[in-house]
Every structure is written in C-alpha cells, then in structure tokens.
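Novice: For reference, the chains in residue letters:
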Amino acid sequence: METVTITLKAVPDLYLECESVTPDKFAGKTAAEIAALPCSVGKCNYTLGDWFEISGRPGATAADTKIIVNGKGTDKCKYFGAWMTAGEVVVNGTADMFTGAWMEGGKLTIKGDVRSFSGLQMKGGEMIIEGRAWNYLAAAYRGDWRGMQGGLIRVKGDVGSDLGTFMNGGTIIVEGNADIHIGTHAEGGTIIIKGKAHRRVGGQMVKGEIYVYQGCDVMMPGFKKIEEREIEVDGEKHVFNVFIGDLGERHSKSKGEVIYGHLYTLKE
Amino acid sequence: MSEIIIKNGHVFDAVTGLKGDVADVCIKDGVIVDKVSNAATVIDAAGKTVMAGAVDVHTHVAGPKVNLGRWYRPEDKFRLGERCSAKLNPNTRIEGGFSIPTVFKTGYEYARMGFAFTMEAAMPPLYARHVHDEIRDTPILDQAALPVFGNNWFMFEYLKNGEYDNAAAYVAWILRQTKGYGIKCVNPGGSEAWGWGLNCLTVNDPVPYFDITPKEIVDGLITTNEHLKLPHSVHLHSNNLGNPGNYTTTLDSLKIAEGHTANNNFGRDTVLHHTHVQFHSYGGTTWADFESKAKEVMDYVNKQKNISIDTGNVTLDETTTMTADGPFEYHLGALNHLKWANVDVELETSAGVVPYIYGKNVKVCEMQWAIGLEIALYAKDMMRTMITTDHPNAGPFTRYPRVYAWLMDKEYRDAQLNGFKWSSKVIDATTLAELDREISLYELSQMTRAAPAKVLGLSKSFGGLAPGMKGNVAVYNINPDNMLKGLELEDALSKVSVFIKDGVKCVENGVVLEAEPVVKKTYWVNSSVPDTKQVIHDVSEKFLKYYSVNLANYEVVDHYAPNQEIVEV
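Top to bottom, those sequences are chains A and B.
Position 248 of the first sequence, counting from 1, maps to 248 under the working numbering, and the rest follow consecutively.
In the working numbering, each residue's number is its place in the second sequence (first place is 1) plus 268.
Do not take every clue at face value.
[Said to hold, decoys possible] Subject to a maximum C-alpha distance of 27 Å in a straight line, what follows is the list of computed DSSO-like cross-link-like pairs (lysine-lysine):
hint: 1; chain 1: A; residue 1: K253; chain 2: A; residue 2: K123
hint: 2; chain 1: B; residue 1: K571; chain 2: B; residue 2: K689
hint: 3; chain 1: B; residue 1: K607; chain 2: A; residue 2: K123
hint: 4; chain 1: B; residue 1: K678; chain 2: A; residue 2: K253
[As the list claims (entries may be wrong)] Residues from chain B that face chain A, not an exhaustive set, calculated with beta carbons under 7 Å:
hint: 5; residue: R341
hint: 6; residue: P342
hint: 7; residue: E343
hint: 8; residue: I362
hint: 9; residue: L606
These are computed hints drawn from the structure, not numbers from a lab.
Glycine included, every Cβ here is placed at the ideal spot set by N, Cα and C.
Full structure from sequences and hints, please.
Specialist: The following block contains the structure:
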C-alpha cells in the first residue's frame with residue numbers, strides 16, 4: 001500500500017471542507033494533481049495545495065492508497081473520508097463534522113475526537129475513533145429515514161446523543177458511555193455500549209440489538225424483560241437481562257413470530 | 269442604451285414562424301427590435317439554436333408549502349450525491365436543495381435552462397405575503413402567482429346561489445389584495461371536504477355543508493373568469509388525482525369547458541387549463557391492473573379547441589410532493605409511510621407535503637413516467653400542450669432538459685423504458701413503445717415558449733422574438749443540422765450558451781454571470797370590477813367571525829412586491 005501524507009499548513013478561520021481527502025480521489029494521481037483537488041472554506045474555493053503540504057504518492061487504485069493527515073487544526077476540517085469506498089485514511093488529531101459520512105468501504109482511523117454527524121448513513125467499511133464522538137454518530141441525517149446500513153464503528157471514548165438513529169445494519173461499539181436517544185427508530189444492526197446510557201434508549205425501535213452494559217439511567221416504558229441469558233458479545237461472555245420493545249410500535253412478523261427490537265443490560 | 273445583436277443563429281420561434289431559419293435577433297433597451305446600430309454588442313450564434321426565453325406555466329417555487337418542504341426535508345440537499353461546492357461562483361449566492369431548492373438556486377437554475385418567466389401555481393390568499401416575499405428574493409426570473417379559489421367559502425356561497433356578480437367582485441378583490449394573477453382551482457371541493465375527513469372523487473360529489481359539487485365550482489369559476497376577462501384561463505387540478513381509474517373524472521372535468529368561449533383582450537382562446545394531466549390519466553381499478561389512459565384523455569383534448577393542458581412528467585427522482593390537495597397527500601403519506609405534513613388554511617384551502625421516491629424498480633412509477641411522455645407525444649396542437657414536471661411533484665424542474673431529451677429522442681427514451689425492472693409490464697400497459705414520434709425543436713419552442721405565454725395571456729411580451737416583445741433570448745449549443753442525441757442533447761438544453769434577460773446577458777455557458785442588474789418583475793392582474801356591497805359585507809363579517817388575522821393584515825402591501833408589472837383589465 002502506497003502512502004500519501006498531507007500536513008495542514010495553517011489553521012482555517014472558518015471550517016475547511018475536505019471531501020476531496022479520500023483514497024478514491026487521490027488514487028492514480030501525481031502530487032501536483034492531488035494539490036489541485038478542490039476544497040472550500042465557507043463560500044471561497046481553494047485547492048488542497050493551498051492548505052496542505054503533500055508528500056508521498058498514492059497507489060494506482062483506492063484500495064492501494066493510504067492517506068495520513070497531520071497538522072494542528074485538523075479539528076477545523078470537515079468531511080475527511082466522506083463517501084470513501086476503499087483504502088485507508090488516518091487522521092492524527094481531532095476531526096470535525098461529517099468525518100466518514102456516507103462511507104462505503106475501507107478503513108478510517110481518527111486518533112482524536114470526531115464531532116457530530118460522523119459516520120452518517122454509513123454503508124460499509126470500518127471506522128476507529130480513539131477519542132470520543134459527538135452527537136449523531138452513524139445516524140440518519142436530520143429529516144432522513146435511512147440510517148447506517150453496514151460497516152463497523154468502534155469508539156474508545158464516550159459518545160453524544162442520537163447514536164445510530166434509524167440504524168438498519170452494521171455494528172457500533174462504544175467503550176465509554178452514551179447520552180440520550182440511542183438507536184431511535186432502529187430497524188436493524190447492533191449497538192454495543194460498554195458503559196452506561198443516559199436515557200431514551202431504543203425509542204420506537206422495531207428491530208435490531210442494543211447492548212448497554214451498565215444500564216440506562218431511565219428505561220423507556222415500551223420495553224419488557226423476557227429472560228436472562230448468557231451471550232457472547234465482542235469476544236466476551238456475559239449474562240444479560242433481555243428486554244423486547246419498543247412495544248408502542250407496530251412490529252412486522254416473520255414466519256408467524258413477531259419481530260421485536262432487543263435491549264440487553266448486564267445482570268448485576 | 270444597450271444594444272445586442274445575436275447573429276446567424278438557427279431561430280426557432282412560433283410567433284414569427286421561424287423554423288430553424290438562420291436569422292439575426294436584435295435587442296435594444298431590453299426589447300426585441302428589427303435592427304440595431306453598428307455599435308451593438310455582437311453575439312455569434314452560428315451553428316447554435318436561438319429561442320425566446322422559456323415560460324413555465326405551472327411550478328411550485330415560492331410560498332408556505334414550498335418552505336414547509338424545506339423545513340422538514342433538510343436531507344434534500346444531499347440528494348445530488350456530493351455537495352455542490354465544486355460550483356461555487358463568486359457572483360451568485362450559495363445554492364442549496366434539490367427537489368425544493370432555495371429561492372436563489374431556483375432563479376439561477378431556471379436561468380441556466382433559458383427560462384424567463386415562471387408561474388407559481390398555488391398561492392393561498394392568506395399567505396400571499398409569504399409567496400411575494402419568496403418571489404422578491406428569487407433572482408432573474410419574472411414571476412406571478414395564482415391564488416387558489418377551488419375551496420374558498422366565499423366562492424362556494426356565491427357560486428351555489430348563482431351570484432356571478434359577487435363571485436367576480438370577490439375574485440377581483442382577492443387578486444388586488446394578494447397581487448395574484450388568475451384563478452387556480454385545486455381538487456375543487458375536495459380540499460374543503462377534507463376538513464370533514466372526506467374527499468370529492470367525482471365531479472358530482474357534494475361538498476359537506478356547502479352542498480355544492482365540483483362541477484358547479486369549475487363551471488362557476490370559468491363563467492367568472494370570462495366575465496372578468498382575465499388574461500389566464502381557469503387553472504384546474506381536477507378531482508381524484510393519482511388514483512387508478514381516474515381518467516373518467518378527468519374527462520368529466522374537461523367536459524365542463526364545453527359551451528364556454530374565451531372572452532379577453534390578451535389573445536387567449538382557451539377557457540380551461542388542466543394541469544399535470546399525467547396524474548389524471550390512469551385506467552384500471554387497483555394498482556395491480558393500473559394502465560395508461562393517456563390516449564383517451566388526449567383524444568378528447570385534441571378534439572376540443574378551448575382547453576389546454578400541461579403534462580406533469582415523472583422524472584424518476586426522489587422528490588417532495590406538495591399540493592393544496594390535502595386528502596391526496598394524506599393518502600400518499602399512508603402509502604409510503606415516510607413523512608406527512610398537513611396544513612389547513614382557514615376558509616380558503618388546505619395543503620399537504622410528503623416526500624416521494626419515483627423508483628426505477630417500481631412498476632407504478634415506471635408507468636407514470638411512460639404516461640407523462642405519452643401525453644406529450646399524443647398531442648396534436650402544441651400550442652395547447654405544455655411540458656412541465658409539476659415541480660416538485662413529479663420531479664424537480666431542473667430535470668426539464670431530461671424530459672425534453674426523452675421526448676425528442678426515441679432511442680433515449682426506449683433505452684430508459686427497456687432498462688426498467690418491469691419494462692415488459694410497462695410496455696403492455698402503455699403505448700409508449702409504439703410511439704415513434706420525436707418532438708422537434710420547433711415544437712419544443714411552441715410547448716415551452718409560445719404556448720404557455722399564450723395560455724397565460726402574456727403573448728404580447730413573452731414566448732416569442734417578434735419586435736416589441738421583451739428581450740429574453742436563450743441560445744443553446746445545438747446545431748439543428750447535426751442534431752444532438754440523448755445525454756448530449758440533455759446537457760446542451762440544461763446549460764444555455766447565452767441567456768439574455770431583458771437585454772442583459774446573465775448566463776454564459778451555464779454559468780450565471782451577474783444576477784443583480786436584471787430587474788425581475790412580479791406580474792399581477794388589477795381588475796377594474798368594483799366591490800359589490802354584498803362582498804364588502806361578507807368579507808368584513810367573515811374576517812370578524814372566522815379569520816385568525818385582521819383584514820388590515822391580509823393585503824399584500826406594495827413593499828412585499830417591489831418591481832410590480834400590473835396587468836390592467
């Protein structure tokens with residue numbers, strides 16, 4: 001795999017929109033061609049060369065290309081790795097909104113935090129967040145009804161609210177705690193929170209699994225405990241309380257059995 | 269003194285009768301003239317197509333329901349896939365949205381396609397101020413708006429009692445109050461019946477409480493319209509939209525125009541404009557045996573001389589439907605379970621907004637696409653048939669070039685037809701595959717320029733290149749001697765080579781140069797018919813008893829609509 005390293009030269013006043021920073025856009029280009037790719041700050045057009053020092057060379061295909069983003073001020077850059085389909089992106093720092101949004105494949109690693117709307121409506125690939133994530137991680141965009149469809153997101157820190165709204169597939173693993181509105185309207189997929197969640201977990205979910213190891217501060221009223229069961233999650237076995245819900249919603253049936261969403265908390 | 273001469277272009281213009289003849293078009297001070305001096309700016313149009321600025325007869329680009337769509341569909345801006353940052357232009361405002369674009373994008377996109385005038389097709393009188401606010405902020409385009417009358421309590425009472433003097437006086441009053449242009453009628457009676465949880469599905473279903481039928485409403489509105497001698501005919505969205513088997517209701521609605529003759533000084537000879545006929549030409553009884561009745565409807569339209577139609581072509585996009593047909597939107601929301609918004613406009617109308625995805629893998633959507641094209645291809649009189657997408661209901665207006673290309677290139681539309689998942693079923697249930705007709709550039713200039721201008725009563729200033737008309741000229745990179753096909757044709761039609769609005773060059777090669785120097789005008793009709801005592805009494809009584817606003821807060825005062833162009837009748 002060939003590596004391109006881009007280093008931010010200055011901290012932008014407004015936010016720098018870097019949807020060009022993906023292996024798909026870089027693949028097969030010379031350093032000069034990469035420097036000519038567009039980016040923008042507010043309403044003003046720039047090129048990547050205006051903002052980044054570019055070294056190294058990309059591979060012939062996206063899958064063969066790795067991009068390393070360095071420099072102070074990456075937290076003022078949006079859209080790193082958005083719409084990427086293959087290859088690898090590593091951000092050595094915090095990234096702003098829409099990081100890895102609409103991602104379809106490849107691997108995206110953020111060494112710091114990510115801000116809201118990251119991993120939005122993700123379809124595939126893998127995203128590792130070593131810090132914490134803000135709100136709307138892997139959610140559907142505001143107003144949209146199509147959430148995450150596939151892929152894996154692992155967050156080492158805490159996450160904000162509205163995690164995995166309208167989730168329809170894929171897996172989100174959070175090592176820390178979560179705020180409110182987790183897996184709202186979920187239609188599939190798995191959310192694993194190894195800490196605790198604040199409240200309103202799984203509201204209006206019709207399918208899918210949500211694990212909240214340390215439990216929720218307040219449980220939604222639409223959930224009913226059905227059993228206690230030992231389950232292997234993320235390589236470890238634990239005994240969980242199993243809840244079904246959200247009973248306030250209309251659920252579909254498969255082979256005569258009603259499909260419910262499942263919520264699991266660790267048995268004390 | 270600005271002078272422009274567009275030299276050696278192939279001119280297509282139904283008003284002067286030029287069918288691709290090489291000719292020069294001269295503009296002086298924003299008006300088309302016979303000749304200009306040698307100092308005129310020369311635009312070389314050799315090997316290019318020259319037409320007048322286009323006119324959109326039916327579109328929803330301003331007003332409360334459009335804005336409701338913007339509010340509740342923030343995700344709409346991502347429908348283009350990637351964001352539009354690549355198109356940032358220092359001379360224009362930021363553009364956003366796809367099916368419900370911002371007002372700025374609306375103006376720029378229309379200008380890029382060569383449009384000079386658009387008609388906002390449904391203005392609730394109560395919210396006319398909002399409509400004019402948005403019209404004011406839409407750059408470049410001349411615009412007008414049609415207030416809705418089809419579910420208005422005043423009109424129900426006057427028409428039920430045959431008080432045409434009062435009906436005419438009330439319409440004239442509303443046009444003055446709202447700075448409106450003509451009479452729009454959406455689902456006559458049905459939207460009011462929706463207040464009772466009901467609908468009017470045929471022209472003979474009575475409206476609850478008012479006991480008036482849609483037939484009486486439309487007939488009364490036509491009589492009122494011709495009594496007032498308004499420039500535009502009654503603009504009808506008839507009952508039973510979008511249901512299988514609704515073509516009989518459509519024919520019944522069109523038959524109401526029989527026996528009426530046009531009475532006006534604007535060169536209009538139609539009395540009824542039926543809009544988005546595609547949604548009204550369905551046969552069958554359920555979505556399973558759903559079939560096209562485009563031929564039956566168009567046979568009737570071709571035979572009658574006093575009605576006009578627009579198509580309402582489905583463009584196979586994800587879009588946002590919005591109409592004053594409240595019960596239909598409820599029905600649609602229950603079909604697709606996405607989102608539903610419903611609005612009641614007091615004594616006047618209702619409205620609904622629902623996102624809709626016209627999927628290429630959904631049989632019904634594929635059929636709707638085919639029916640829309642059939643309607644345009646069956647038309648015999650292009651001066652009474654216009655192309656629209658009922659923006660944004662059947663698709664965004666930015667897809668007009670694609671619709672034109674489908675109509676002008678059989679190969680292109682057949683490729684789409686055969687690419688469908690259910691293509692064999694669509695071919696069985698429609699006649700599109702048998703239609704070999706290709707719309708010519710001249711017919712296109714009729715359908716998108718001369719015909720809408722004539723039907724709207726604007727034929728003295730829009731839709732043609734005769735001396736004295738407004739200096740709106742669009743030049744396309746299309747050489748009629750070497751006609752483009754398919755995608756290339758679509759591309760050429762979506763990016764004008766040059767667009768001149770009122771003698772100002774405002775678009776070049778698809779890039780908006782400067783929007784500011786173009787003075788956009790708001791057209792409205794000032795009728796000389798005075799208020800009657802009965803109307804004055806009814807208005808003050810109903811405002812006191814029922815309206816949530818004061819009469820003084822109802823009128824669109826002048827500062828809401830700068831740059832008015834008043835059409836005196």
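Novice: For each hint, tell me whether it holds in the structure or not.
Specialist: Now for the hints, and whether the structure bears them out:
1. A threshold of 27 Å between alpha carbons decides the hint, and for A/K253 with A/K123 the separation of about 26 Å falls inside it, so the pair holds.
2. Straight-line distance between C-alpha atoms of B/K571 and B/K689 comes to about 36 Å, which puts the hinted pair past the 27 Å bound.
3. Between the alpha carbons of B/K607 and A/K123 the distance comes to roughly 23 Å, so the proposed pair stays at or under 27 Å and holds.
4. About 45 Å separates the Cα atoms of B/K678 and A/K253, which puts this hinted pair outside 27 Å; it is violated.
5. A distance limit of 7 Å between C-beta atoms decides the matter here; for B/R341 the minimum to chain A is near 5 Å, and the interface restraint holds.
6. Hint status for B/P342: holds, given a least beta-carbon distance of 4 Å to chain A, under 7 Å.
7. With its C-beta approaching chain A no nearer than about 4 Å, B/E343 sits inside the 7 Å limit, and its interface hint holds.
8. Using the Cβ-Cβ criterion of 7 Å, the hint placing B/I362 at the interface with chain A is satisfied: the shortest such distance is roughly 6 Å.
9. Hint on B/L606 holds. Least Cβ distance to chain A is approximately 6 Å, under the 7 Å limit.
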